[in-house]
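Asker: Sequence:
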Amino acid sequence: MTVLSVLLLLMQYDLNLYDLCGLWNQVYRKIQYGTVDRKMAGKALRKIINEIHDRVSLPADSVFYFPVEGYGLPDVGGGGKGFIPRKYNFLHGNVHRGHPAHDIFIKDRDMDCLDDATKKPVRILAMAGGIVVGMKTDWAVGDSLRSGNFVMIYNPPLRRYYYYAHNDSVFINIGDFVTAGTPIATVGRTGRSANMTRSPTHLHLMVLKVTPEKSEPYNYYDELKKSVFTTTN
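Residue 1492 is where the sequence shown starts when you use the working numbering, and the numbers rise one by one after that.
Just so you know, these hints were derived from the structure itself, not from any lab. Mixed in with the good hints, there may be bad ones.
Once the Cα atoms are required to be at most 16 Å apart in a straight line, the calculated EDC-like pairs of lysine to aspartate or glutamate come out as [what the hints assert, rightly or not]:
(1) K1611 <-> D1599
(2) K1598 <-> D1566
(3) K1572 <-> D1713
(4) K1611 <-> D1601
(5) K1538 <-> E1704
(6) K1572 <-> E1704
(7) K1521 <-> D1634
(8) K1530 <-> E1704
(9) K1534 <-> E1704
(10) K1717 <-> D1566
This structure is a prediction, so every number in the text was calculated from the model and none was measured.
Modelling step: build the complete structure from the supplied sequences, incorporating the hints.
Answerer: This is how it looks when you write it as structure tokens:
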């Protein structure tokens, strides 16, 4: 489906939330792989997310959850200094610059996606609630995508995207509603660089503030400091 046909669908039909999320994901995947006109794709995404925003009424989260179960602030790369939004452009997809995110590293010397102490997968928790608008679950070696398996959740009260990348297993689906603290995936090593042996196992979490014109990186480190920390079940 082309971006133009997506825009025509939005103008001609009253789509349900599930279909709107599916369309958002289709357009975003084209952006990631660079197979679409960026300007038109950006217009389509803004139109779709505005439709979703107008239909979803969710209470504002009273707390944020630390997104990696059993871990905490000491496991955030660079002590919180890894957020580098320099020259980042959401519409550049797989070839964007900078590092507009925080990486949270797990103890995985064997690089088998299992915690060294528990020998179990490490669950990723939704830092904030929202609706699932994008995901990939079929990354394989040879795929050029840097993010690997990812989940994108839109939070209407904050008008933010929460982008969880390099996942192993994913527990949720497009169109699902999640609350803060919901297990959504496990920490993995998927993605062009994250799969290499030089890369420690980690969650890459980017948060974007949705504005009328674009989606801008948001440094949420202060919210990580105040978040609810959980222990491994």
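Asker: Are the hints correct? Go through all of them and say.
Answerer: Each hint, compared with the structure:
1. K1611 <-> D1599: holds (10 Å)
2. K1598 <-> D1566: holds (9 Å)
3. K1572 <-> D1713: Status holds; Cα separation ~12 Å.
4. K1611 <-> D1601: holds (12 Å)
5. K1538 <-> E1704: Holds - the C-alpha atoms of E1704 and K1538 are around 11 Å apart, at most 16 Å.
6. K1572 <-> E1704: violated (27 Å)
7. K1521 <-> D1634: With Cα atoms ~14 Å apart, K1521 and D1634 stay inside 16 Å; holds.
8. K1530 <-> E1704: Between K1530 and E1704 the Cα gap is close to 11 Å, so the pair holds against 16 Å.
9. K1534 <-> E1704: Distance of about 9 Å is within 16 Å: holds.
10. K1717 <-> D1566: holds (15 Å)
When held up to the earlier numbered hints, the structure conflicts with hint 6 and nothing else.
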